[in-house]
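Turn these sequences into a full structure, and let the hints steer you where they fit.
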Amino acid sequence: MEYNISSEYPASGYNILYLLNMKRTTPTNSLKTLLLNMKRKRTKTNSLKFQYLPDDCWELIFKNMRIDDEDYHSLSLVSKQFLSITNRLRFSLTIKDCQTIQEALNLVRRFPNLTSLHLCGQGGDLDELLRQISTLSINLTSLKLYDLRTMPANGLLDFSQNIKTLTEVTCSKTEYLRTTHMFLIADCFPNLQLLDLNHCEDISQKGIYRVLYRCRNIRHLNLADCSGVKLHRMMKFQVLKLEVLNLSNSTVDDRTLNVITKSCTEILQLSLKFCDHVTYEGVKHVLQNCKQLREINLNGVKDDTILSNLASMVLLRPSLRKITYGLGQCWVP
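Residue 110 in our numbering sits at position 103 of the sequence shown, with consecutive numbering throughout.
Since the hints were made in silico from the structure, they are not lab data.
Every value quoted in this text rests on a predicted model; they were computed, and no experiment measured them.
Hints are supplied without guarantee of correctness; some may be wrong.
[To be verified] No farther apart than 30 Å at their CA atoms in a straight line, the calculated lysine-lysine pairs in the DSS-like style are these:
no. : residue 1 : residue 2
1   : Lys280    : Lys180
2   : Lys180    : Lys87
3   : Lys280    : Lys329
4   : Lys70     : Lys87
5   : Lys298    : Lys309
This is the structure in structure tokens:
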């Protein structure tokens, strides 16, 4: 594939705008190759007329390119100006197990506008890392902990005391997530709007209820693949802001659904994928209790009567806009 890019002004606004249109149809590798070629051409034509746009114009261009972190890295190789701009446009950062605390801190300092931090499989001193990160001037809204061997309770406590902007916490595939850890999350981050606990089998009903009671602004709760959770007791409080609930591949049954949806009546999206103990009777409880429900995912639910009752479900809850059933089939109005 050939690109009609001006060699005289390799980093001009014209060429970047051309990239804007090209990004939608060009593979990432081709884009990266083109950007590297721009860098080489700029070196050769440094003595020629070289037109720069102001930083805010470049920022606007880059934001509309719909590119990922790898593409931002390629852009940063074009010039020091692009490096500075792309550093400001980086909003998420993943810190891996192989990185030292100092390397991780240097990365966090490099990107001043970070809002989301991902910590994956940390085998080092995660408590100390969180403590030091919390002393930096950053406005994090999302903290994601993936595949951890243990929960950094002390680090989370220090983190919560210094960073007050956090609204999303993910503890995916975290081993040994005990009731005490759930209490810690609920008490440290009362302004949570999203809690993702997918593939955490050791959490308890008491821990979940603590989160729902303390975090009254929570809107999204993910309990997918939490087979150890048994939410069977009646909650004695209302969770009026919960809009998205994922119970996929859990042990939830008809009775539990009735209990949950009587307290969480404002649910808009509910996923019951591969919930073997759910029948149409449980689905009816949901439809009767959640009067604003828009989407329900019943993919993999074994009750054969669900398919024959799709029309009845819509009549019972007219707000429904999407029903997923069978093996990924969808009903939409």
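Q. Holds or violated: are the alpha carbons of Lys298 and Lys309 at most 30 Å from each other?
A. With Cα atoms ~25 Å apart, Lys298 and Lys309 stay inside 30 Å; holds.
Q. Do the alpha carbons of Lys70 and Lys87 lie within 30 Å of each other, as the hint requires?
A. Roughly 18 Å between the alpha carbons, so the hint for Lys70 and Lys87 holds.
Q: Verify the proposed pairing of Lys280 with Lys329, using a straight-line Cα cut of 30 Å.
A: Holds. Lys280 to Lys329 sits at ~14 Å (cutoff 30 Å).
Q. Taking 30 Å as the top limit, are the C-alpha atoms of Lys280 and Lys180 close enough?
A. 19 Å, holds
(Q) Hinted pair, alpha-carbon criterion (30 Å max): Lys180, Lys87. Please report holds or violated. (A) Violated, at roughly 39 Å.
Hint compliance for this structure: hint 2 is the single one not met.
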